[in-house]
Amino acid sequence: QIEIKDLPYLQVGPYHTNTVAGLELAMDILRRRKNLNKQIFMITDGKPTCLKEGLNYYKNSFGLDRKIINRTLRLAKQCQRQDILITTFMVARDPYLQQFVR
48 QIEIKDLPYL
58 QVGPYHTNTV
68 AGLELAMDIL
78 RRRKNLNKQI
88 FMITDGKPTC
98 LKEGLNYYKN
108 SFGLDRKIIN
118 RTLRLAKQCQ
128 RQDILITTFM
138 VARDPYLQQF
148 VR
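Per my numbering, the sequence shown starts with residue 48, numbered consecutively.
One thing to keep in mind: the hints can contain errors.
To be verified - Pairs of lysine-lysine, DSSO-like flavour, derived with a Cα cap of 30 angstroms: (1) Lys-52 / Lys-81; (2) Lys-81 / Lys-106; (3) Lys-114 / Lys-52; (4) Lys-99 / Lys-114; (5) Lys-99 / Lys-85; (6) Lys-81 / Lys-99; (7) Lys-106 / Lys-124; (8) Lys-124 / Lys-114; (9) Lys-85 / Lys-114; (10) Lys-124 / Lys-99; (11) Lys-99 / Lys-52; (12) Lys-52 / Lys-85.
In short, the hints are calculated from the structure, not lab data.
In this text the structure is predicted, and so the values were computed from the model without any measurement.
Put together the whole structure using the sequences plus the hints.
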């Protein structure tokens with residue numbers, strides 16, 4: 048778990064975004080809360096490019112990898128079924144990435 052005060056200083060190597068892990072963590076936190084209004088604010092500079100499979104990571108930075116995208120979209124649908132709103136903030140200017148977020 049990361050403390051809020053540490054967020055501005057987090058760094059991860061370039062090229063990979065594990066959106067699935069972020070959504071899973073957010074859903075797990077929200078599942079334990081009794082609040083009626085459940086919402087995830089996702090701030091990203093890239094498309095999903097990484098998945099954790101057991102002890103290993105599956106990574107693909109080229110294009111939209113079907114395996115990674117399908118898993119990400121499945122979690123987004125699960126959030127929708129659980130009335131968890133996802134608001135995404137894209138901090139990149141790349142038209143390809145902007146289209147993905149839409």
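Against the structure, the hints come out as follows:
no. : hint              : in the structure
1   : Lys-52 / Lys-81   : 24 angstroms, holds
2   : Lys-81 / Lys-106  : 35 angstroms, violated
3   : Lys-114 / Lys-52  : 34 angstroms, violated
4   : Lys-99 / Lys-114  : 12 angstroms, holds
5   : Lys-99 / Lys-85   : 25 angstroms, holds
6   : Lys-81 / Lys-99   : 29 angstroms, holds
7   : Lys-106 / Lys-124 : 22 angstroms, holds
8   : Lys-124 / Lys-114 : 16 angstroms, holds
9   : Lys-85 / Lys-114  : 27 angstroms, holds
10  : Lys-124 / Lys-99  : 19 angstroms, holds
11  : Lys-99 / Lys-52   : 26 angstroms, holds
12  : Lys-52 / Lys-85   : 22 angstroms, holds
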